Amino acid sequence: MADLAIAPPKRLDVRGLVVQAVFLTLVVIVVVSAVTSARTNLDAMGLSSGFAFLDRATGWSYSFSLLERTIDDSYRWTLFIGFLNTLFLGVVSIILATILGFAVGTARDATNLATQSAAAIFIQTFRNIPLILQLVFWYAVLIHMPGPRQALSVMDALFLSNRGLMLPGLNVSAAAGTGLVAFAILAAIVLARWPGLSFIKKCLLWLAATVASCVVVALALSPEGESALSLPALKGLRFRGGVNVPIELVAMVVAITLYGAAYIAEVVRGGLQEVPRGLIEAGRALGLHEGLIWLKIKMPMALRTIVPPLGNQWVFLMKATTIGVAIGFSDLFMIVSTSITQSGQTLELIGILMAVFLLINFTLAQLINLLNARLRLKGH
Amino acid sequence: MTKTLKSLLAAVACAVALPNAAAAESATIQAIKDRGTLLCSGHNGSYFGFVEVNDKNEWKGLDIDLCRAMTTAILGDPNKAQIVPLSWAQRFPALQSGDVDIIIKATGWTMGRDTELGLQFSLPYFFGGAQLMAHADLGVTQATELEGGTVCVEAGTTIERIVADYMKTIDVEHTMVSYEKAAELRAAYLANRCDAFAAWGPFLAVLRATEIDNPDKHVILSDQLSSEPIAAAMRQGDEDFVDLTNWMIAALLIAEEHGITMANVDEVAANPPNPTVARLLGSTPGIGERLGLRDTWAREMIAAVGNFGEIYHRNLGENSPYKLERGLNNLWSHGGLLYAPMLD
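Quick mapping for you: the protein sequence lines, in order, are chains A and B. Following the numbering used here, the numbering of the first sequence begins with 1 at its first residue and continues without gaps. Following the numbering used here, the numbering of the second sequence begins with 1 at its first residue and continues without gaps.
No wet-lab data here; the hints were simulated from the structure. Nothing here was measured: the structure is a model prediction, and the numbers come from that model. Glycine included, every Cβ here is placed at the ideal spot set by N, Cα and C. Relax, there's no trap hidden among the hints.
No more than 30 Å apart at the CA atoms, straight line, and that leaves these computed lysine-lysine pairs for BS3-like: (1) B/Lys-168 with A/Lys-235; (2) A/Lys-296 with A/Lys-201; (3) B/Lys-181 with A/Lys-319; (4) B/Lys-80 with B/Lys-56; (5) B/Lys-60 with B/Lys-217; (6) A/Lys-202 with A/Lys-296; (7) B/Lys-60 with B/Lys-33; (8) B/Lys-217 with A/Lys-235.
Chain B is faced by these chain A residues, among others (derived, beta-carbon under 7 Å): (9) Ser-63; (10) Ile-71; (11) Asn-162; (12) Thr-341.
Same shape as in the complex, but just chain B (with noise of 0.2 Å):
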């Protein structure tokens, strides 16, 4: 009797509280916030680029940047981040059982894990694929001038069948070479057995970037054989988390379209250009109060970590070691596949 009266008044608070959905708090963000911390999915070792863990138990890249925004879009403080090294078999069972808030580490959005593992996928904020590489005294920047060309793939891999299906598609006429193991792969190509690395492109600037003597002997070719989604992954259930993670991720993308940077935010906040900025960096109030945040949560997020670009700049691309140029992850205004649902 009791139980069916709770039920009932919670029903009917919940029809009270109808009006103000938007700014009720989820009972994730609620957690953080009682916690004091966000956590969010590291690695067992790096993944350089995106999850990386140095001798001082520092972490950095992408993906741990994504998390910093999001901690401080909801604590105010990019060093409330808290990190739990986990593998990649690991990552599911944790976000499941509460070990951590949220994954956000180069993670594919398929059918699979958006159905049977009960997961909400966030908007994708990185495309990667199916890339080549190749040595760079051939004089080769894309894949059609590697007519008559080797090249070295993974045996029993997707990467096998894209390439070739690339190749056909592109009509350009080579020799593939497939090896078991990726060791043998790498000295094969590096012994220069083959003109061109088929792998996952983040895979081959990283490659490029740390385990050759020398960079600059080497190019990622502009194609790109194939695309994966890469996207946050939460539970299920909690759309107003969701929602939160897909404006933090939105926000850096208007920032960077509008120019707003690390360096001028408070600059442009005190004098917006147009009422776009003007309602992302809280000048004009409401982006906080419809997630239930602070008004200037984006204005804080981007002093702490900068605008989108400038975090890929940073972790992947020209100010990095791996000099990944943007290609797909670039704005859809710059030829890339990334685009902010629009901010009214």
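Just chain A, same shape as in the assembly (with noise of 0.2 Å):
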């Protein structure tokens, strides 16, 4: 049918073409102006503009690193910390509350009275609330646990108090630890691509690769005389060895997750709910049954209709990641922001921060298009 419309003949859009250029000519003028009336009205003030202080050390610290750090980095690797600190906590934040809205969003859909409305309660609850109130709610009650000296333990190798979670972890450097997560990524990917393996193979598989690659480094690594576990021991002030996970992270990721999880559930319930009821009908009278219904079923049709807003939500997620500056906890926000205070290089620090965020959420999002192109059903 298609063929029998007549296209219009092409014409030369003069007006069209005048408006665009107007339009563009009047953003170049903008920018400019405003970059150059920044600049002279800095240097009229005798304030210095540019990014030579990016190779300035810094002089301060703060709560948390993923890498090594001293007061005299440069702050071009305080931001890069920064970053490294928002972009975990993002990724770490956005798993679990994808996880728990999934668990939560299937509750809702549940037939059970008392499933249902136990879900309906954390969803108003977590949703309704401002995720700072929310963050300042968990920090205050997480800092009022015993101290370091009391901790909380569990068999002597995992200790809660109010200075973070404490868990044993492998005796070898940053870097190898870094490498093994590397590592396991790279086996998730190519397992991932691996024809002709079921889903739970896939999974055991890559566990046992995983459990195997960390026994091996750590026997190989860890320093000689030593044991290759590092269990978290009282010395001192605080905990030496193991893993410390500080109670900001912990506060952060706790609250994300919540207040995520929340949204998430409302995408899935809304997914769930849009699949045809004649074709889990259709499973009831195969004889399967509910869970079997919920992976085979459920999920592949309702996945279409949640990724695009879900993938929504993860951006969304990546940019509540700013409110560490609330309690203490490093991000790239909070980072910037200090600099800015110790610097003066406030339009220089603002333009990186949101150069980064685009950045960041910009990938976030390819990565969404990409996953809905591979669910999409042929021929829709």
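From these two lone chains plus the hints, build me the complex, please.
If you want it as structure tokens, here you go:
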């Protein structure tokens, strides 16, 4: 049918071009004049501008970092650590919020009234209270736990105190640890693309590979005469050894996960309700039990409705990491805001902050588009 | 013509008066005497330990006592001091416009104030800087014992950098958690999130004494991470008034050095143990004439407010709720930074 529609002959749309050219010129003028007037005014006030400060040492410290740091680090390195912190917090929170959100969303869709109302209460509570309030609440709760000397312990290997969560770890350097994480991610990508294996088998294989790599690296690289496993132990004012998750990070993850899960649960419920009843009834008629119906019929169908708004929630959660400043968690926003007061380079630092968030969230949006394309039903 | 003549006459008068210049009165001192009161800077509220006001509008504090000492020196009566409540931002304009005669209010001596603001500073009478407060049950008394501890600080302040520098200098490994707001910082410290709290020393002392239910559970560490000289600020251009302020502070220090107190000042004056004390208390004449005051001004002043040590202990030290150790604010002979010029 489309062949029959006759396209109008292409004409040069002079008016359209003029409008676009004028608009473009205006944008260029506004941007250029903003930049030059900012420059002139800063010069007039005797304030320095430019990015030379990035190489200066900061001279201040902050609460959390995944990498080694000192107070002599340059602003460049400190900002990079802030970027990693934000990315780490965002990714962990997004993964946990998604898992919890799917669980609560499924419960919300359940036929059991008790399950359904519990899920509804969860959603209404965490969705309707501002995130910053929830964060301050969780932080207040967490810092009123016992101090490190009276820490709650599980088998003397895992400790929870108001300083943080201490977990047993491998007795290897930070670089080796990073290598292990990179290996685990690589293994997951390779296995995901490996043909001819069921999902469950892929998961088991990945788990085996990861554990094996950890054991091998720990045995090979741990310092001589020391055990391969590093257990946290109270020494002086704090725990040494093992992996220390500071309480600020715990509070951030808890707050963002619960808040995000409430939103994602609603998205999941919406998706599940879109699944045609006929398909579910067909599954029951075949004698499949509810779990299998959820896994094989409901989820695959619902995902197509869930993914686009889910991606939106992920971008939103990534931006929600900027509230660390309220409780002293050194995310990128906090590092930038401290850098501004300590170096005075406001415009440059705000520019960096905006560019980094644009980069993170643009990448995230691209990933979601990719996922969406993969999930699309053929012929729809 | 008359103008020229007048200035000529004035110049001649000045030249004639020169030999007696020391005894000549400064404009500020003359104004104070005419008015019968000395106008000192108060605070819009209480800055505990230095400038405090109670619900009966009675002022007290280290700075208020120094103002009373000055009033006694000039007017012979500590009650003739008049305290003008001023905010931090108002204090310098108020001084320049003559609303107060002198600012004695925890004011740091900086180059900008000394030059651009047109102020003249006295001898420093107090040294305060960044300090650390820790939970007493840790058994910590100095910063080196904080190895492995957590220090909380207000984000984006100079304290943040001072602490980082200091801990690096003494090579103490620590975690620093910085909070944007003072209230969150205080809550985190009180909840035991941090082992130590870094802030301006006198502020910590006040926090410990007034806002914490049990002050004995917290200890201010002996380390001075930085120091700022606190001095009285006056308008530029009245050197005689500056001299008077300096000698008021010097007299209080000399009195402490020689053990002259509120209680024994009359006894010591009657029977001075050494020539310096005799000159200070006016037993040997000279101290008054050179400043255009009575020979007994220092003696009356000490009788009214005590020596510097007594003033300190009454307002900040052992006799106050704050129990602030003297540290740098002790006489040089006791390991502090305070010293008086020589009274010859």
